[in-house]
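Protein chains in written order, with the working numbering: chain A, 1 to 273; chain B, 1 to 252.
These aren't lab readings, by the way, just hints derived from the structure by calculation.
One or more hints might be untrue.
As the list claims (entries may be wrong) - Partner residues are not named here, just some residues of chain B that face chain A (Cβ under 7 Å, in silico):
#1 12
#2 47
#3 52
#4 63
#5 65
#6 70
#7 72
#8 74
#9 90
#10 183
#11 187
#12 190
#13 237
#14 239
What the hints assert, rightly or not - In silico negatives: residues of chain A with every beta carbon more than 10 Å from chain B:
#15 8
#16 76
#17 91
#18 113
#19 129
#20 190
#21 193
#22 218
A virtual CB, placed ideally from N, CA and C, is assigned to each residue, including glycine.
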Amino acid sequence: MKGWKAATIVGLVGFGLVVLVPFWWIASMSFKTYEQIQFATSIYVPRPFTWENYTGLWLDTRFPLWLRNSAVTAVVVTAITTVISCLSGYAVARLRFPGRESVASLILILYLVPPALLFIPLYRVLAELGATNSLWSLFLSYPTFTVPFCTWLLIGFFKALPVELEEAAMVDGATRVQALWRVLLPLAAPGIVASAIFAFTLSWNEFLYALIFIQDERAITVPVGLNLLIYGDVFHWGQLMAASVITTVPVVALYMFIHRWMVEGLAAGSVKG
Amino acid sequence: MGYPERWVGLRNYIYLANDDTFRTVVRNSLVFTVVSVALKVLTGVAMALVLHATWRWRNFFRGLLLLPWITSTVIIALTWRWMFDAFPGRGFFNSVLLDAGLISRPIAFMATPEGAMAAVIVANWWRGFPFFGVSYLAGMQSIPGELYEAASVDGASAARRFWHITLPGLKHVIIVTTLLTFIFTINDFNIVYVMTRGGPGTATQVFATYSYEVAFNALRWGRGVTISIFVVPLLIALIPLVSRYLLRERAA
Chain A
1 MKGWKAATIV GLVGFGLVVL VPFWWIASMS FKTYEQIQFA TSIYVPRPFT WENYTGLWLD
61 TRFPLWLRNS AVTAVVVTAI TTVISCLSGY AVARLRFPGR ESVASLILIL YLVPPALLFI
121 PLYRVLAELG ATNSLWSLFL SYPTFTVPFC TWLLIGFFKA LPVELEEAAM VDGATRVQAL
181 WRVLLPLAAP GIVASAIFAF TLSWNEFLYA LIFIQDERAI TVPVGLNLLI YGDVFHWGQL
241 MAASVITTVP VVALYMFIHR WMVEGLAAGS VKG
Chain B
1 MGYPERWVGL RNYIYLANDD TFRTVVRNSL VFTVVSVALK VLTGVAMALV LHATWRWRNF
61 FRGLLLLPWI TSTVIIALTW RWMFDAFPGR GFFNSVLLDA GLISRPIAFM ATPEGAMAAV
121 IVANWWRGFP FFGVSYLAGM QSIPGELYEA ASVDGASAAR RFWHITLPGL KHVIIVTTLL
181 TFIFTINDFN IVYVMTRGGP GTATQVFATY SYEVAFNALR WGRGVTISIF VVPLLIALIP
241 LVSRYLLRER AA
């Protein structure tokens, strides 16, 4: 049994290194000066340590604006998604209507259709609507992937809750809407929070639609803005890595909060992206 | 925007069938997808075995190893691009190899077709394997312990227990993760676009990046859509299969 224990420790250390080395690379580079990066001095640990990438990023680039755009988009999309998917999830989980099972499969199939297939037609539709070049294009397009995914998750959460409580409320004179609002939603709160965080993360990290639908440098989101930082005349690797740190921290914080639910909700394949 | 629209029948399809770049794109997409998915399955099983054998802080390690999966793909692609880079300032691999005395000057990994393909595969693998590992861990935890005890009593070695109990128990989840990831990887845009833009030349051009290139840089909208339509038959075959597995899982 000693051998197995040693092998497990070696495995944990190995996987830990594979996962952490790129993160350490990001963090360490974000604290180096331009010269340290260009001339490859003090490669592994930043010496001297500097905040200049963070201040430069904040004062000399449009990063604060991009961050605001990303935050607004993620919040609006999460709100839209949560309302729609609570209602549609409820409908599939609780209401009896013909074709209910096909609706459930259809939602799943919609989630599995990749954005790479939709971006050209969606671009044309949004251009017709005059929504391109503003965050409206993202408010309208992101729900095409967040709503099916969150609905699918919520159907599972709702079905796992006992229907008797809602029935009892309705026997006592509550309407269906009251039963949903006062009984089911509070009970399903953990699931709803988890699905909202998924929607937030998916919008926060989305790149393809944001790249195509918006050209105006003041309206782009962080992932697209990061690309502008490399393809300028100079490679701003330090600022880029500082931006990566700032962008990753909120998601990691949210995720620590729901790690357990997230793992349970993994099954529906959040590998998209 | 682009050229005036008119009915062209099947001309876009015929054009692509004779387009050498498109053939390279089909091959690249398959190499990228098959190699990434195979690596993810193998490392995923290894990661699950390690986590399953972890006797303390298992949730902590599981959370730690999942970090790549919640990080923005654009950030992952940028970071790996730099880690493989030769200039400016030497990437991670060049620094380590130089300091270990294994090479005498930096190698430009991303400048060769094979190096660039390997780099995008590694980045994609790194982002994806934790999801596999966590899914397989959940699968392993649902295999009843009595099966292993009975097999041990009968004198089955660890390797045979793995082969005859663990792998069959994971069959379902391996199929689901493989199919799902296949669908999303063959249509991947972010990693390839950010790391190589399909280059050098067309060495890493895949369906999504080529479709983008043709539609938005060459302004050939119809042809761009046609490229993505080529993946549809594959999706029509795979999507119902995945849905069936996922729906069955939910019914159970």
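Do the hints match the structure? See the list:
Taking 7 Å as the C-beta cut-off, the interface hint given for residue 12 of chain B is violated, the closest approach to chain A being about 12 Å. Checking residue 47 of chain B against chain A by beta carbon gives a least distance of about 6 Å; that is within 7 Å, so the hint holds. A cut of 7 Å between beta carbons decides the hint on residue 52 of chain B: the least distance to chain A is about 9 Å, and the hint is violated. For the restraint placing residue 63 of chain B at the interface with chain A, the shortest Cβ-Cβ distance is roughly 5 Å, inside the 7 Å limit, so the hint holds.
Nearest Cβ of chain A to the Cβ of residue 65 of chain B: about 5 Å, under the 7 Å cut. The hint holds. With its C-beta approaching chain A no nearer than about 5 Å, residue 70 of chain B sits inside the 7 Å limit, and its interface hint holds. Nearest Cβ of chain A to the Cβ of residue 72 of chain B: about 4 Å, under the 7 Å cut. The hint holds. For residue 74 of chain B, the shortest C-beta to C-beta distance to chain A is roughly 4 Å, which falls under 7 Å, so the interface hint holds.
Interface restraint check: residue 90 of chain B against chain A, minimum CB-CB distance 4 Å, threshold 7 Å, status holds. Hint on residue 183 of chain B holds. Least Cβ distance to chain A is approximately 6 Å, under the 7 Å limit. Here the hint on residue 187 of chain B is kept, as its CB sits about 4 Å from the closest CB of chain A, short of 7 Å. For residue 190 of chain B, the interface hint holds, the least distance from its beta-carbon to any beta-carbon of chain A being 5 Å, beneath 7 Å.
Look at residue 237 of chain B: its Cβ only gets to about 12 Å from chain A, farther than 7 Å, so that hint breaks. Contact between residue 239 of chain B and chain A, as hinted, is supported at the beta carbon level, the nearest pair being about 5 Å apart and thus within 7 Å. A cut-off of 10 Å between C-beta atoms contradicts the statement that residue 8 of chain A is not in contact with chain B; the least separation is 4 Å. Every beta carbon of chain B lies more than 10 Å from that of residue 76 of chain A, the smallest distance being close to 19 Å; the non-interface claim holds.
A cut-off of 10 Å between C-beta atoms confirms that residue 91 of chain A is not in contact with chain B; the least separation is 16 Å. A Cβ of chain B approaches the Cβ of residue 113 of chain A within 10 Å, the least distance being about 7 Å, so the stated non-interface status is violated. Even its closest Cβ contact with chain B, about 14 Å, leaves residue 129 of chain A beyond 10 Å, as expected for a residue assigned away from the interface. With 10 Å as the threshold on Cβ separation, the claim that residue 190 of chain A sits away from chain B holds: the shortest Cβ distance comes to roughly 17 Å.
The claim that residue 193 of chain A is not at the interface with chain B holds, since no C-beta of that chain comes within 10 Å of its own (minimum 16 Å). Every beta carbon of chain B lies more than 10 Å from that of residue 218 of chain A, the smallest distance being close to 19 Å; the non-interface claim holds.
Consistency with the previously given hints fails for numbers 1, 3, 13, 15 and 18, ordered from lowest to highest.
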